[in-house]
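Given chain U, put chains L, S and R in place with the hints provided.
Protein chains in written order, with numbering that gives the first Met the number 0: chain U, 0 to 79; chain L, 0 to 899; chain S, 0 to 169; chain R, 0 to 56.
Heads up, some of the hints might be wrong.
Claimed, not checked - Dumping the calculated BS3-like pairs for lysine-lysine here, alpha-carbon to alpha-carbon at most 27 angstroms:
#1 L:Lys-853 to S:Lys-89
#2 L:Lys-845 to S:Lys-85
#3 L:Lys-809 to R:Lys-35
#4 L:Lys-69 to L:Lys-133
#5 S:Lys-75 to S:Lys-135
#6 L:Lys-613 to L:Lys-534
#7 R:Lys-34 to L:Lys-74
#8 S:Lys-154 to S:Lys-100
#9 R:Lys-34 to L:Lys-594
#10 L:Lys-387 to R:Lys-2
#11 L:Lys-845 to S:Lys-116
#12 L:Lys-766 to R:Lys-35
#13 L:Lys-448 to L:Lys-387
#14 L:Lys-825 to S:Lys-69
#15 L:Lys-850 to S:Lys-116
#16 L:Lys-825 to S:Lys-154
#17 S:Lys-89 to L:Lys-751
#18 S:Lys-105 to L:Lys-825
#19 L:Lys-534 to L:Lys-518
#20 S:Lys-69 to S:Lys-146
#21 L:Lys-544 to R:Lys-34
#22 L:Lys-40 to R:Lys-2
#23 L:Lys-201 to L:Lys-766
#24 S:Lys-75 to S:Lys-154
#25 L:Lys-659 to L:Lys-689
#26 L:Lys-850 to S:Lys-75
#27 L:Lys-825 to S:Lys-116
#28 S:Lys-89 to L:Lys-825
#29 R:Lys-34 to L:Lys-387
#30 L:Lys-503 to L:Lys-534
#31 L:Lys-820 to S:Lys-116
To be verified - Here chain R is said to cover these stretches of chain L; the calculated rule only asks that three of the stretch's residues, wherever they fall, bring their Cβ under 8 angstroms from a Cβ of chain R:
#32 78 to 88
#33 280 to 293
#34 298 to 311
#35 828 to 839
It should be emphasised that the hints constitute simulated quantities derived from the structure, not laboratory data. Here the structure is a predicted model, which means the values were calculated and not measured. Glycine included, C-beta positions come from ideal geometry on N, C-alpha and C.
Each chain, written out:
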Amino acid sequence: MAQQNVVKKESEMAQEGFEPRILGFFCHWCCYAAADSAGVSRYQYPPNVRVIRVMCTGRIDARFILEAFRCGADGVFTGG
Amino acid sequence: MCTMYCPRPVVDTYNERLDITRAPHIDYAQAIPSSYYIDAKACLRVNYETCNLCAQTCTAGAIDFSQQPKELELKVGAVVLTPGFGRVDDEVLERFGYGRFPDVLTAFEFERLTCASGPTEGHIVRPSDNQVPKKIAFLQCIGSRDETCGNGYCSSVCCMYAVKEASVAKEHEPDLDISIFFMDVRTMGKGFDEARKRAQEKYGINVIRARVPRVDQVDGKLALTWTTGDGEHHSDLFDMVVLSVGLESPEDAETIARVTDIELNHYNFCRTSVDSPLLSSRGGVLVAGAFQGPKDIPESVTQASGAAAIASELLADARNSQTVTVTYPDEDKALEEEEPRIGVFVCHCGVNIAGVVDVKAVRDYAGTLPGVVLYEDTLYSCSQDALKSIAEKIKENRLNRVVISACSPRTHEPLFQETLRSIGLNPALVEMANIRDQCAWVHAQEPDKATEKAKDLVRMAVAKARLLTPLDQPTVDVTPSALVIGGGAAGMSAALSIADQGYKVVLVERSKELGGNLKRLKWTLDGQDASKVLKDMIKKVKAHKNIQVFTGSQVESVSGYVGNFTSALSRQGKTEMINHGVIVLATGGREYKPKGYAYGDSTRIVTQLELEEKLARGRGFLRNARNVVMIQCVGSRGDDMQHCSRLCCIQAVKNALKLKELKPELNIYIFYRDMRTYGFYEDLYREARKQGVKFIRYTLDRKPEVIKQSRGIKVRAFDELIGEDLEIPASLVVLSAGIAPGENEELSKIIKAPLTSEGFFLEAHAKLRPVEVAVDGVYLCGLAHGPKSLEESVAQAKAAAAKATIPLAKGKVAVAPIVSKVDQDKCIGCGICESLCPFNAIVLEKVGKRKKAKTITASCKGCGVCASHCPTIAISMGGFTDEAIMAQIHAFSPEGCEEA
Amino acid sequence: MAETCRQFLADCGINPERLALEWASAAEAPRFVELITGYVNSIKEKGEIGSAEGEADSETIKRRLAAAVKAAEARKPRIALGNLAKRLHKEGDFSKEAIEKGVSSKILPALRAERIKEELLMLLAQGPMDMKELSKALWADEGEIEKPLSQLVKKGVIEEKDGKYSLADK
Amino acid sequence: MAKSGAIMVLGGGVAGVQTALDLSELGYYVYLVEKKASIGGVMAQLDKTFPTNDCSL
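One chain only, chain U, in its complex shape (with noise of 0.2 angstroms):
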């Protein structure tokens, strides 16, 4: 990899106040099923994720990943 192009920034901390977007591609038989068992049971998480049902992880191109970033998401969650 050609190290010396790498544009360095300084590692800005976590800013306060800063709300992640995130997409998450979720297997509708395992994390799916897993999420809406926690809704059921009143877990609380962040609300930061918006979900895309596929029916096993294995539906997921590379070209999704890639297009969820390019369309402003801060991380892609992809859970079997």
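Just chains L, S and R now, with coordinates in the frame of chain U:
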């Protein structure tokens, strides 16, 4: 309208008398049928021939007072009794201040108070002054475990509902101080003990082990006094007292018994036996649910399916002789092909969603999205009348795509798909946005952010909806036979039931003989000879023309899908392939092997099953015995395994009584944490106490010690009552070892059926699908599901048999249309998809000179690994096309994201 | 697939830890909550995309990802990915090392080459650039750029004038 | 005598409803008899169910 005009107020029984309605009313919003009815007891017209206001105001002219009761005569092949349970007499409740003090409520009333659709919209207030109470006490065992009111049994559900109601109350009012007064904490169901522990820790609910004898009122507060296990007296004041009332036999039990000519037991429940828990004393009359004995929802549902199996066994010859079939209108293909006209329905789900998410804002936002022509909010989208109105609106507005923004598609999509079908639209044209399970419920503390998220989810769903296309509904034929894995009591019962219903069964048992754990049992819990029960069962199985038994065999592999499985069975190194339509998992469990307690150091330190085996061989070893010590929860409830093994308390009491019978002068000590002799087994517990068996409670931090000495065995334990250590020289120590899961891991992988963290198989839904597994066509029963008694295993096996027979009886199964489809023009025949498909559902075929991939629709599960790995992007997935997912990704960005 | 994305993201100047691949079965709601909470917090720490250490600025990221999506659509890298998956499947070796090695030796070079080609076109669409500028903007050595560049010049898509490259007028 | 392919289920609570549903799927005609104006029994009065506090309707 009629409700509005009725001059006659009526107590609302649905809301447990906490609210008032009118003579014509509807019980609750989701009631089925969802029409209004007139309470004949209260109506002025019916009783006094006056009024008639409602009939005049009904715009539909639907009230007709000239209707008379009619007697119908129906010819049926079987009767299933499911009358449920009755309520404890007010007279019993009055002893605890009910009816005298307004702030003493029954748990049923409290349930309505905590409910969002209840009389107070979920606000917990004292009936006396409408103020929020600060301190609430739950009193357990009201009308249960109480011979003075004739109910000597344990109602088996109150401990759970009390914990639930207390948790819900704490969620509404976090500052509440809640105490629950238990005699024993009986949360013995699957996963219940763990849930109870979590609730206790999370919400800080006080657990007090004491029975409160009475309730008094002092200065507008309720005074309780009680005595704890250490003999100390306590008293305190509470703002509200909730009575955890038990379940009684139904009020009309005697009438039912007379009319159907069946016998009742001494508590007026239906009499049944351990080896056939769903049969009444009269042939063809079956029983399920609380009338068979107090029980919770999953058990009632299990028994219900079990009863269906038995009725189906009885009437197998007459199957399909009287059924009618439903027809759907033809699809409106032209409308489906038009530009998307999307309707968005945003559900309140009572306050489940609307309590957190600003539903109206989400609805209005949906209206701004391209393609949306209708946007509305609904109170409960899944209720009958809401579905009807959604259907009407789809028609009125000529919608051809629908977005339901409500709960999870995993549970509710089929319902809305059905609605579309019923009005001539392809079911694939509905998309759901999950703003409840994955939004409102999990972001309850952040309503603004939850509303933002809900909007985003709706936007993404609408984006996908625009690209939805109609999909075919393929069906495949079913191989009409079953594979039952496990030859214990559960497996044999399931096999017999399926065979009796007229289908072939292959029964596979790993060991050399049938029987499983039942082989080790000497007596059933109701005192029958266990070996006789077992022998009868084995005889029937071996003689049945529809059952083929494979002992000493194992399942090596399973391929296929519901309706068309192919499995490899290995026996003595040889492999045999069999085809079958369904699978029943009855792999059993095993007795936990104790760690510690000097187990293994002496032949006089044994488990309960070892004791029964010893007794089966003769009673000689009791000759010089004086003291017998039993220790409960060995391995269970956080000792090593987390779960409660459910059975050991009853088993210990049963064996203690048998020992007493054999040698009355024995001193028997039982060290326990909570005695969980639920249901009618409470009788055994009471009997054991009566006969002088000594019960001593211990806690996990002060476990009894078993010390093997050079001569004899000593048990040292702390006795709470005297506050001192006890030392008992024991002639025999019996460890109530819990029930551990069998070796399920491998099978779980082969079948892709998930396990719980404890290693038992996981059911598809704890309440409503207790014998189904997440994999279609696979069913579950017996100890493979979790610890349970023989009686429960048999009922569950019948239930699994009912569910397993459904696809066999139908002869066809519908395949979800989410399968892959290969565009053979784009396919280059590389074979990557074929080699990656986990279900062998893609093959290469010759088309002209070249090889092309092709999907075997019936095998495809829609996982999409082929599509994501296709070099030429030639494979698309039904309902999850690249375009649709890309559209969702683009819609993920609030500003929208242009295609690159 | 995930490893491919991670390596490719790093190559594009995005912290690969922004992509998570986790497992939670239907029975594991508590685990799911733990995972998702931990993940959201880790992203919070990293900050907005384009602000973590070693990451390209957001404008570059936008352009580069657009090129990357096109690269992931291209046949060559997809065949490489498919064949690697097929091979791992056949050999039953899903060890981290095997996957990492396979991806870095087979897939990444193909993806990177496609990405450079696509991004090159995008950059030049904005105006002429010389080799030095291109190398800097593309995070690539001149050697890597030369090949696609000369091919595109040959095809007549790109013109060269005084050491500056630009899209050919059509 | 030919057996009847119909079954009567007495009581429309959760157990009765489940029996009726299973029987109809198994190919039998079911008469579901309930005293009250609507089916569902006590479970319909419950807001949540233990241990998951799942909606009970």
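Checked hints:
1. A C-alpha spacing of about 21 angstroms is found between Lys-853 (chain L) and Lys-89 (chain S), which places the hinted pair at or below 27 angstroms, so the restraint holds.
2. At most 27 angstroms may separate the alpha-carbon atoms for a hinted pair to count; Lys-845 (chain L) and Lys-85 (chain S) meet this at roughly 21 angstroms.
3. For the hint pairing Lys-809 (chain L) with Lys-35 (chain R), the CA-to-CA distance comes to about 32 angstroms; that exceeds 27 angstroms, so the pair is violated.
4. Restraint check for Lys-69 (chain L) and Lys-133 (chain L): not satisfied, since their Cα atoms lie roughly 52 angstroms apart, outside the 27 angstroms limit.
5. For the suggested pair Lys-75 (chain S) and Lys-135 (chain S), the alpha carbons sit about 26 angstroms apart, so the restraint of at most 27 angstroms is met.
6. Of the pairs offered as hints, the one joining Lys-613 (chain L) and Lys-534 (chain L) holds, with about 20 angstroms between alpha carbons and a cut-off of 27 angstroms not exceeded.
7. A threshold of 27 angstroms between alpha carbons decides the hint, and for Lys-34 (chain R) with Lys-74 (chain L) the separation of about 20 angstroms falls inside it, so the pair holds.
8. With a CA separation close to 34 angstroms, the supplied pair Lys-154 (chain S) and Lys-100 (chain S) exceeds the 27 angstroms bound.
9. Among the hinted pairs, Lys-34 (chain R) with Lys-594 (chain L) is inconsistent with the structure: their alpha-carbon atoms are about 54 angstroms apart, more than 27 angstroms.
10. As the CA atoms of Lys-387 (chain L) and Lys-2 (chain R) are separated by approximately 38 angstroms, the hinted pair breaks the 27 angstroms bound.
11. For the hint linking Lys-845 (chain L) to Lys-116 (chain S), the alpha-carbon distance of about 36 angstroms lies beyond 27 angstroms, and the restraint is violated.
12. Between Lys-766 (chain L) and Lys-35 (chain R) the alpha-carbon distance is near 23 angstroms, which keeps this suggested pair within the 27 angstroms criterion.
13. For the given pair, Lys-448 (chain L) sits about 32 angstroms from Lys-387 (chain L) by alpha-carbon distance, which is inconsistent with the 27 angstroms threshold.
14. Taking the CA atoms of Lys-825 (chain L) and Lys-69 (chain S), the gap is about 18 angstroms. The hint holds against a cut of 27 angstroms.
15. Of the supplied pair hints, the one linking Lys-850 (chain L) and Lys-116 (chain S) is violated, its CA atoms being roughly 32 angstroms apart against a limit of 27 angstroms.
16. A threshold of 27 angstroms between alpha carbons decides the hint, and for Lys-825 (chain L) with Lys-154 (chain S) the separation of about 25 angstroms falls inside it, so the pair holds.
17. Distance check on the hinted pair: Lys-89 (chain S) and Lys-751 (chain L) sit about 20 angstroms apart at the alpha-carbon level, within 27 angstroms; holds.
18. Note on Lys-105 (chain S) and Lys-825 (chain L): the hinted pairing holds, with a Cα-Cα distance of about 24 angstroms set against a maximum of 27 angstroms.
19. A distance of roughly 9 angstroms separates the Cα atoms of Lys-534 (chain L) and Lys-518 (chain L); the hinted pair therefore holds under the 27 angstroms criterion.
20. Restraint check: the Cα-Cα separation between Lys-69 (chain S) and Lys-146 (chain S) comes to about 18 angstroms, which is no more than 27 angstroms; the hinted pair holds.
21. With a C-alpha separation of about 42 angstroms, the suggested pair Lys-544 (chain L) and Lys-34 (chain R) falls outside the 27 angstroms cut-off, and the hint is violated.
22. As the CA atoms of Lys-40 (chain L) and Lys-2 (chain R) are separated by approximately 40 angstroms, the hinted pair breaks the 27 angstroms bound.
23. For the hint pairing Lys-201 (chain L) with Lys-766 (chain L), the CA-to-CA distance comes to about 23 angstroms; that is within 27 angstroms, so the pair holds.
24. Note on Lys-75 (chain S) and Lys-154 (chain S): the hinted pairing holds, with a Cα-Cα distance of about 19 angstroms set against a maximum of 27 angstroms.
25. For a cut-off of 27 angstroms, the pair hint linking Lys-659 (chain L) to Lys-689 (chain L) stands: about 11 angstroms separates their Cα positions.
26. Distance hint between Lys-850 (chain L) and Lys-75 (chain S) is fulfilled; the C-alpha atoms sit about 20 angstroms from each other, no more than 27 angstroms.
27. Distance hint between Lys-825 (chain L) and Lys-116 (chain S) is fulfilled; the C-alpha atoms sit about 24 angstroms from each other, no more than 27 angstroms.
28. Using a Cα cut-off of 27 angstroms, the hinted pair Lys-89 (chain S) and Lys-825 (chain L) holds, with the two alpha carbons roughly 25 angstroms apart.
29. Restraint check for Lys-34 (chain R) and Lys-387 (chain L): satisfied, since their Cα atoms lie roughly 25 angstroms apart, inside the 27 angstroms limit.
30. A threshold of 27 angstroms between alpha carbons decides the hint, and for Lys-503 (chain L) with Lys-534 (chain L) the separation of about 22 angstroms falls inside it, so the pair holds.
31. Only pairs whose Cα atoms come within 27 angstroms are accepted, and Lys-820 (chain L) paired with Lys-116 (chain S) is rejected, the gap being roughly 32 angstroms.
32. Under the rule that three or more residues need a Cβ within less than 8 angstroms of chain R, the assignment of the segment 78 to 88 of chain L holds, with 7 such residues.
33. With a cut-off of 8 angstroms between beta carbons, the segment 280 to 293 of chain L has 4 residues touching chain R; three or more are needed, and the interface restraint holds.
34. Against chain R, the segment 298 to 311 of chain L contributes 10 residues with a C-beta closer than 8 angstroms to a partner C-beta. That satisfies the three-residue criterion, and the hint holds.
35. Coverage of a stretch by a chain is defined here by at least three residues with a beta carbon nearer than 8 angstroms to that chain's beta carbons; for the segment 828 to 839 of chain L and chain R the count is 0, and the condition is violated.
Hints 3, 4, 8, 9, 10, 11, 13, 15, 21, 22, 31, 35 from the earlier list are contradicted by this structure; the remaining hints agree with it.
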